[in-house]
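Let the hints inform the model, and build the full structure from the sequences given.
Below are the chains, spelled out letter by letter.
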Amino acid sequence: MRYILYLSAAVLAVFILKSCSSTDARELPVLGIPKIIDGDTIPHRIPDFTFMNQDSQLVTNETFANAVYVADFFFTSCPTICPKLTRSMLRIHDYFEGREDVLFLSHTIDIRRDSIPRLKMYAENLGVTSDRWHFVTGDMNDIYDIAEDYMSIAIEDPNAPGGFDHSGWLILVDGNRHIRSFCDGTKDSDVDRLMEDIKILLHEM
Amino acid sequence: MKCRAIFLLLSGIFALLISINTACEFNPHRQGQWLYESHCANCHMEDGTGLANIIPSLHQSPLLRNETIHQTACLIRYGIRTPDPLNPEEEIYPMPPIPDLSKTEISNILNYIGNHFDNRAGYINPVELNSILSQCPNATERKW
Chain A
10 MRYILYLSAA VLAVFILKSC SSTDARELPV LGIPKIIDGD TIPHRIPDFT
60 FMNQDSQLVT NETFANAVYV ADFFFTSCPT ICPKLTRSML RIHDYFEGRE
110 DVLFLSHTID IRRDSIPRLK MYAENLGVTS DRWHFVTGDM NDIYDIAEDY
160 MSIAIEDPNA PGGFDHSGWL ILVDGNRHIR SFCDGTKDSD VDRLMEDIKI
210 LLHEM
Chain B
62 MKCRAIFLLL SGIFALLISI NTACEFNPHR QGQWLYESHC ANCHMEDGTG
112 LANIIPSLHQ SPLLRNETIH QTACLIRYGI RTPDPLNPEE EIYPMPPIPD
162 LSKTEISNIL NYIGNHFDNR AGYINPVELN SILSQCPNAT ERKW
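Sequence order for the protein chains is A and B. Position 5 of the first sequence, counted from 1, bears residue number 14 in the working numbering, the numbering being contiguous throughout. Position 32 of the second sequence, counted from 1, bears residue number 93 in the working numbering, the numbering being contiguous throughout.
These are computed hints drawn from the structure, not numbers from a lab. You can take every hint at face value.
Selected chain B positions facing chain A (in silico; Cβ < 10 angstroms):
{"id": "1", "residue": "106"}
{"id": "2", "residue": "110"}
{"id": "3", "residue": "111"}
{"id": "4", "residue": "112"}
{"id": "5", "residue": "115"}
{"id": "6", "residue": "140"}
{"id": "7", "residue": "143"}
{"id": "8", "residue": "152"}
{"id": "9", "residue": "154"}
{"id": "10", "residue": "155"}
{"id": "11", "residue": "157"}
From the derived model, a few chain A residues whose C-beta atoms are all more than 12 angstroms from chain B:
{"id": "12", "residue": "36"}
{"id": "13", "residue": "158"}
{"id": "14", "residue": "168"}
{"id": "15", "residue": "183"}
We put the CB at the ideal spot given by N, CA and C, even for glycine.
And the structure:
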């Protein structure tokens, strides 16, 4: 009888220890649909891009080469979910305060109204700078195309509130341009999980 | 056997007590809170703190006092249009109008936010909103 008790305690202990260590060693997958070229499987990557940020600086893939970054799509006069997304981005930004290897990239999908001075005002009203958070604009098609590479939706739609339809994902990208995680930016618990994934990714670098 | 019967009886009573307790839990702002969370919380946030200098916090809001809360009925129905200081032809940071909320729904929202987030506006009823909503300044800018 007593042996059975000891044995089950031991088994339990092993289980507990194992489940703890496996969370530490958790690895993030590379997301997106891979391409198969000449029999080789090439994981999905964010393609080359060139946009301009709130301080009229060019922002390219190089800007994020030694960092992980969180990307989203928004517009300043958005009447729906953008403020909630931005607030989630801000929460992540503040949580990793001072870390220059955790950066942020918000693409406007309202090229016509969101001029560079207007993006600058938005960043200032939010209390953040282009040291870590880039609000970018560029060619409309480039932005709509790259949204698909971020597995997001961004399209002009006169029937949608505010004139644009877009999804609420926050996308986590690593230094090799691979998407490693994402979350629903309108759900706090999902954003918490993304922050844990950022820590895992930083460990990997 | 007897032991078991007593145990079952006790757990039955316990379960009953719990269900009575939760059913009686009284939330006077249930609809108001629900409407707030579906129509307003994406901007003002569930906790009412807003977004930095972009969306105002509703905590101790000057527009959610006893003397002012009626005006907020107009804001909910007609929205707020804010001209972009960089280009007055354009708008920025709008609060969208919600024309199809009923007076009861508007007063439920007002009674929720007027008595949450550190506000103490007291209560208004839908009938009071009749005259207020008919006198809203349908203006493009906030002038109240």
